[in-house]
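Model the full structure from these sequences, guided by the hints.
Chains as they are written, first to last, in our numbering: chain U, 4 to 454; chain H, 78 to 206; chain S, 38 to 519.
Rather than coming from a laboratory, the hints here were simulated on the basis of the structure. You may find that some hints are simply not true.
To be verified - Pairs of lysine-lysine, DSS-like flavour, derived with a Cα cap of 30 Å:
| # | chain 1 | residue 1 | chain 2 | residue 2 |
| --- | --- | --- | --- | --- |
| 1 | S | Lys238 | H | Lys139 |
| 2 | U | Lys235 | U | Lys154 |
| 3 | U | Lys44 | S | Lys255 |
| 4 | S | Lys45 | S | Lys223 |
| 5 | S | Lys402 | H | Lys87 |
| 6 | H | Lys139 | S | Lys216 |
| 7 | U | Lys292 | S | Lys216 |
| 8 | U | Lys325 | H | Lys139 |
| 9 | S | Lys347 | S | Lys216 |
| 10 | H | Lys87 | S | Lys397 |
| 11 | S | Lys223 | U | Lys325 |
| 12 | U | Lys154 | H | Lys178 |
| 13 | S | Lys402 | U | Lys325 |
| 14 | S | Lys216 | U | Lys325 |
| 15 | U | Lys207 | H | Lys178 |
| 16 | U | Lys40 | H | Lys87 |
| 17 | U | Lys292 | H | Lys139 |
| 18 | U | Lys307 | H | Lys168 |
| 19 | U | Lys154 | U | Lys292 |
| 20 | S | Lys419 | S | Lys397 |
| 21 | H | Lys87 | U | Lys325 |
| 22 | U | Lys235 | U | Lys207 |
| 23 | S | Lys233 | S | Lys216 |
| 24 | U | Lys154 | H | Lys139 |
| 25 | S | Lys238 | U | Lys325 |
| 26 | U | Lys307 | S | Lys233 |
| 27 | S | Lys238 | S | Lys255 |
Chain by chain, the residues run as shown.
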Amino acid sequence: MSFIQNTDSDREEMLRATGVSSFEQLLSPVDPALRVKGDLKLGRPMSETEVRSHVGAMASRNRPAGSLASFLGGGIYDRFIPATVRYVLSRSEFYTSYTPYQAEVSQGTLQAIYEYQTMIARLTAMDAANASMYDAATSLAEAMFMACSIKRSDRILVPAALSTRVRAVLESYAAGRRIRIEEVPWTDEGTMDLGRAEELFSEKASALVMANPNYFGMIEDAARISDLAHSKGALLVALVDPVSLALLSPPGEYGADIAVGEGQSLGIPQSFGGPLLGFMAARQEYIRKCPGRLISATTDIDGKRGYVMTLQTREQHIRREKATSNICSNEGLCALSAAVYLSTMGEDGFREVARQSAAKSHALYRLLSGVEGCVMPFGDNFFQEFVVRMPGSSESFLSQARAEGILGGIPLSGDYPLLGGDAILVAVTEKRTRAEIEKYGDIAAGKGGGR
Amino acid sequence: MVPEECRFTKEHEWVYAEDDVAVIGISDYATGELGDIVYVELPEVDTEVQQMDPIGTIEAVKTVAELFSPVSGTIIEINEEIIEDPETVNKSPFEDGWFIKVKMDDPGELEVLFSYEEYQEFLGEQAGE
Amino acid sequence: MSATIFEKGTGGVSGRYIPENDFPEERIDDLISRSGEVGLPRIGQQDLIRHYVELASKNYHIDKGMYPLGSCTMKYNPVVNEEIARLDGFTGLHPAQDEEDVQGALELIYNLESALCEITGMSAFSLQPVAGAHGELTGMMIARDYFRGRGEDRNVVIVPDSAHGTNPASVVICGFTPKTIPSNDKGLIDPEILEKEVNEKTAVFMLTLPNTLGLFEKEIARIIEIVHRAGALVYMDGANMNALLGLVRPGSIGIDIMHVNLHKTFATPHGGGGPGSGPVGVREHLVDFLPVPRVVREGGGFAFDHVSEKSIGKVHSWYGNFNVFVKAYAYICACGASGLRAVSENAIINANYLMSRIGKWYDIKYPGPCMHEFVASGRNLKAHGVRTTDVAKRLLDYGLHAPTVYFPLIVEEALMIEPVETEKRETLDHFASVMERISIEARENPQILHDAPVTTPVRRLDEAAAARNPDLCWAGPAGGPE
Chain U
4 MSFIQNTDSD
14 REEMLRATGV
24 SSFEQLLSPV
34 DPALRVKGDL
44 KLGRPMSETE
54 VRSHVGAMAS
64 RNRPAGSLAS
74 FLGGGIYDRF
84 IPATVRYVLS
94 RSEFYTSYTP
104 YQAEVSQGTL
114 QAIYEYQTMI
124 ARLTAMDAAN
134 ASMYDAATSL
144 AEAMFMACSI
154 KRSDRILVPA
164 ALSTRVRAVL
174 ESYAAGRRIR
184 IEEVPWTDEG
194 TMDLGRAEEL
204 FSEKASALVM
214 ANPNYFGMIE
224 DAARISDLAH
234 SKGALLVALV
244 DPVSLALLSP
254 PGEYGADIAV
264 GEGQSLGIPQ
274 SFGGPLLGFM
284 AARQEYIRKC
294 PGRLISATTD
304 IDGKRGYVMT
314 LQTREQHIRR
324 EKATSNICSN
334 EGLCALSAAV
344 YLSTMGEDGF
354 REVARQSAAK
364 SHALYRLLSG
374 VEGCVMPFGD
384 NFFQEFVVRM
394 PGSSESFLSQ
404 ARAEGILGGI
414 PLSGDYPLLG
424 GDAILVAVTE
434 KRTRAEIEKY
444 GDIAAGKGGG
454 R
Chain H
78 MVPEECRFTK
88 EHEWVYAEDD
98 VAVIGISDYA
108 TGELGDIVYV
118 ELPEVDTEVQ
128 QMDPIGTIEA
138 VKTVAELFSP
148 VSGTIIEINE
158 EIIEDPETVN
168 KSPFEDGWFI
178 KVKMDDPGEL
188 EVLFSYEEYQ
198 EFLGEQAGE
Chain S
38 MSATIFEKGT
48 GGVSGRYIPE
58 NDFPEERIDD
68 LISRSGEVGL
78 PRIGQQDLIR
88 HYVELASKNY
98 HIDKGMYPLG
108 SCTMKYNPVV
118 NEEIARLDGF
128 TGLHPAQDEE
138 DVQGALELIY
148 NLESALCEIT
158 GMSAFSLQPV
168 AGAHGELTGM
178 MIARDYFRGR
188 GEDRNVVIVP
198 DSAHGTNPAS
208 VVICGFTPKT
218 IPSNDKGLID
228 PEILEKEVNE
238 KTAVFMLTLP
248 NTLGLFEKEI
258 ARIIEIVHRA
268 GALVYMDGAN
278 MNALLGLVRP
288 GSIGIDIMHV
298 NLHKTFATPH
308 GGGGPGSGPV
318 GVREHLVDFL
328 PVPRVVREGG
338 GFAFDHVSEK
348 SIGKVHSWYG
358 NFNVFVKAYA
368 YICACGASGL
378 RAVSENAIIN
388 ANYLMSRIGK
398 WYDIKYPGPC
408 MHEFVASGRN
418 LKAHGVRTTD
428 VAKRLLDYGL
438 HAPTVYFPLI
448 VEEALMIEPV
458 ETEKRETLDH
468 FASVMERISI
478 EARENPQILH
488 DAPVTTPVRR
498 LDEAAAARNP
508 DLCWAGPAGG
518 PE
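Right, here's the structure in full:
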């Protein structure tokens with residue numbers, strides 16, 4: 004299937020008009036010795052029908068979490084997505100447009116992103132948000148750079164109860180500038196050990212990162228952590244779950260300087276982990292240090308309200324090696340998803356999503372509390388995700404659950420040996436039903452199968 | 078400040094000396110090239126600078142220029158008004174739009190800078206390029 | 038101008054989208070610590086859809102018309118790819134699922150990597166970087182760890198002055214120092230200058246091929262040889278790979294590391310700024326440094342390999358923008374070997390044809406055959422008081438999108454034009470004739486250009502006011518009591 008529309012005679016006429024007799028003449032700057040000999044080994048072109056069946060067959064060789072009862076989380080969640088999101092996202096006015104460099108013909112994208120920025124700023128209670136980043140991990144890495152540049156120290160403190168994947172991204176970003184990342188351990192309650200954090204501050208650090216809820220789902224004492232960071236002259240960088248913010252105190256309320264997080268929960272399919280949506284919000288005084296695009300409202304020469312990309316002198320296309328970041332393409336369409344999702348669900352619907360996620364995860368927690376041999380090491384001060392140690396091996400529990408259409412959780416023992424052999428991370432979103440949650444409990448209690 | 082009485086740099090900055098205090102700004106040619114100035118970052122008072130040290134930035138909508146100190150010395154005053162209202166630099170580059178005042182270590186340094194006439198010649202050469 | 042969703046969504050009623058809570062007995066009030074409402078809209082579905090449809094109507098997009106943005110490769114995005122990418126078997130996958138349940142996804146990743154290797158001549162690819170700049174950064178990390186591993190203290194990356202701004206920015210993030218070298222009077226890298234600049238401190242020479250002027254570096258073989266002789270690596274920014282498909286394989290001519298942009302060369306949509314995908318490829322000696330995990334064949338199927346001692350680690354939370362891979366893979370399947378070659382041939386023919394037409398009215402600083410794009414200059418209009426911005430804005434009035442303007446920096450009043458292969462000759466003719474008309478208008482009645490655009494949803498916007506006092510979020514009330 005070719006998407007080229009010119010015919011052979013078009014090409015001949017165009018070559019003639021260009022003043023050459025053959026295509027080869029146009030390639031004269033390319034040394035023939037460097038040219039590909041023969042055809043690439045990629046096979047013949049496929050028709051649309053063949054493409055659909057070939058690639059479609061790959062889709063059918065998967066068993067998607069979305070069609071099972073998924074209790075998988077760890078940053079990516081199986082959530083309800085209203086039809087409005089797919090409808091808006093499939094409009095080619097949005098998905099086939101480019102970065103809004105010509106503002107006059109990009110007002111749709113610009114206004115939508117401005118509204119997205121507003122929603123993120125409101126969710127986090129911060130002064131302003133940017134137009135999106137790649138994902139939570141890279142947003143946190145950029146926040147790390149910001150903090151190091153603002154506070155002029157190349158050392159930051161991060162919680163040990165952080166996703167190992169996020170941690171790995173931080174490490175690879177930090178290595179170039181030799182930024183030192185040190186870990187604050189967790190307490191018996193699974194939250195940040197403030198005493199240890201204080202000790203680690205005996206040497207200057209640019210930022211204290213707090214994940215709230217942390218990777219184990221636990222809610223941190225954000226206000227105290229914030230006070231500690233500020234009393235030590237460091238910034239507080241909050242890594243937050245956007246859905247939790249419908250219920251939990253937002254970063255702006257406890258004085259965070261920069262807030263980042265993963266926006267996948269806001270109307271974006273799981274899609275095997277990408278594309279995602281990194282969001283970043285900051286206090287007013289740090290906006291000029293922010294990476295990425297920012298959309299501002301302004302007026303046109305007739306005084307009509309309109310939107311433009313602004314503070315572009317921070318960015319790579321103008322400031323080059325002195326830019327705040329190298330980011331150019333971002334996750335604009337995912338930001339649009341988030342805006343449509345949040346405006347569809349609205350204040351009340353969004354809060355209901357958060358309430359149900361909390362209620363259902365606590366229901367499963369209580370259910371498992373009654374199962375002999377199940378241990379929840381950290382108590383119930385969590386939002387929608389918690390750690391549990393299964394009576395037998397986690398592996399056999401997870402495989403049995405999977406056989407019964409339940410994805411039981413993410414094994415933690417490999418990445419967090421301190422948690423003991425059979426710990427798993429269980430997430431419960433608003434999508435899970437009473438029947439699924441009860442079935443989960445039954446399998447944990449060894450009463451699976453047959454039902 | 079009367080432009081004719083100022084000294085100039087290749088970076089289109091002007092210096093007006095009152096005894097050992099140098100008032101520093103950017104020329105109307107510079108503001109014309111930059112366009113609307115939207116943000117100015119200035120050093121802190123009491124900062125010690127060497128001649129031609131970068132000491133701040135001048136941002137227009139789609140360009141950034143660095144501000145250099147044309148003389149060595151200590152910064153004794155910065156123009157808060159242009160931080161509040163950067164447009165002032167466009168409106169009045171030689172008067173209200175001044176940037177900083179430096180107490181010079183060596184007023185003799187001014188000698189290496191362009192005179193008004195030399196600067197006009199320099200602009201002419203640039204335009205010819 | 039459209040009111041914001043917050044204004045429209047004040048005091049309304051949202052629809053009900055999720056079922057009643059089937060655990061009403063569960064008390065969670067103790068968890069609640071947020072003091073007030075978020076400030077989200079409350080709006081009914083019809084008005085919500087109208088809001089976004091109204092916004093949609095204010096966008097230019099490829100399905101509406103030609104998008105001649107240089108270095109952006111705005112080609113047609115096949116609609117079937119959107120359909121395929123939306124299959125639940127792809128969108129419903131959680132990245133932590135058991136490998137047995139995601140065999141199709143792993144196969145797709147594996148096949149796409151293999152295809153990219155075949156197209157570029159590189160030995161292996163990582164699909165983890167999600168944008169071109171992200172790929173550059175990943176490539177720099179690979180170079181950094183490669184030299185650290187060898188105990189070589191090399192900290193300089195040489196970049197030509199025609200480079201995209203992301204290049205030096207990526208270099209700096211990775212802890213390297215960028216060193217810019219000037220292009221010669223033909224717009225190309227000068228091997229003599231390069232020779233003088235490379236030394237034992239040089240880690241990488243980073244180039245774009247063809248370069249941002251749309252020119253193929255005639256001396257590329259010598260350039261690569263110079264860099265290699267100094268013990269450094271050559272990085273190729275593959276943003277312009279649309280010129281080379283089936284014609285030149287970077288890996289086969291000695292490029293050590295490169296990235297490709299799936300959202301340019303392989304027809305995945307740009308989404309108003311993203312998501313993109315910027316896979317990084319390396320030659321044999323650098324394979325161990327690629328990000329983890331990598332997809333490998335195992336038994337009769339596919340598996341993740343998480344372990345590599347030398348790997349730079351990770352650059353994304355998971356595996357990159359998987360949903361973009363699906364579309365790019367479908368595109369490569371549709372094109373096949375012959376189709377991909379035809380893509381580049383047609384892109385090159387279209388660009389040269391358009392250059393010959395536009396060159397009659399606008400200055401072409403570097404004449405001679407171009408590859409997939411070329412750079413014109415509006416400098417001969419300056420005498421009439423007209424700038425390139427004015428030409429760009431006037432194009433909008435004619436219902437077209439403007440080219441990339443004021444880039445590359447080495448061309449005064451630059452208009453960087455990339456017509457891409459999917460545009461038909463008649464469309465190019467139309468664009469050329471509009472450009473001609475605009476150049477006549479500039480001479481006869483420049484005021485029309487200064488006033489442009491007049492037919493767009495808004496006219497020229499006050500960017501200075503926005504930059505002086507940014508208004509980044511709506512301050513008015515939202516929601517209101519139900």
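Lysine 238 of chain S paired with lysine 139 of chain H [C-alpha distance capped at 30 Å]: 33 Å, violated
Pairwise hint evaluation, lysine 397 of chain S against lysine 419 of chain S, where the allowed Cα distance is 30 Å at most: At roughly 17 Å apart (the allowed maximum being 30 Å), lysine 397 of chain S and lysine 419 of chain S satisfy the hint.
Pair hint outcome, lysine 233 of chain S versus lysine 216 of chain S [Cα-Cα no greater than 30 Å]: 12 Å, holds
Lysine 40 of chain U paired with lysine 87 of chain H [C-alpha distance capped at 30 Å]: Answer violated: lysine 40 of chain U to lysine 87 of chain H is near 54 Å, above 30 Å.
Agreement of lysine 87 of chain H and lysine 397 of chain S with the hint, judged by alpha carbon distance not exceeding 30 Å: 37 Å, violated
Satisfaction of hint between lysine 178 of chain H and lysine 154 of chain U, Cα-Cα up to 30 Å: 28 Å, holds
Distance restraint between lysine 238 of chain S and lysine 325 of chain U, which requires alpha-carbon spacing of 30 Å or less: Roughly 21 Å separates the two Cα atoms, so the pair holds.
Given hint lysine 139 of chain H paired with lysine 325 of chain U - CA-CA distance at most 30 Å: 14 Å, holds
Holds or violated: lysine 292 of chain U to lysine 139 of chain H, with C-alpha atoms at most 30 Å apart: 17 Å, holds
Proposed proximity, lysine 207 of chain U with lysine 235 of chain U (alpha carbon, max 30 Å): Since the Cα atoms of lysine 235 of chain U and lysine 207 of chain U sit roughly 8 Å apart, the hinted pair holds (cutoff 30 Å).
Lysine 307 of chain U paired with lysine 233 of chain S [C-alpha distance capped at 30 Å]: 55 Å, violated
Holds or violated: lysine 292 of chain U to lysine 216 of chain S, with C-alpha atoms at most 30 Å apart: Distance of about 24 Å is within 30 Å: holds.
Comparing the model with each earlier hint shows violations of hints 1, 4, 10, 15, 16 and 26; every other hint is respected.
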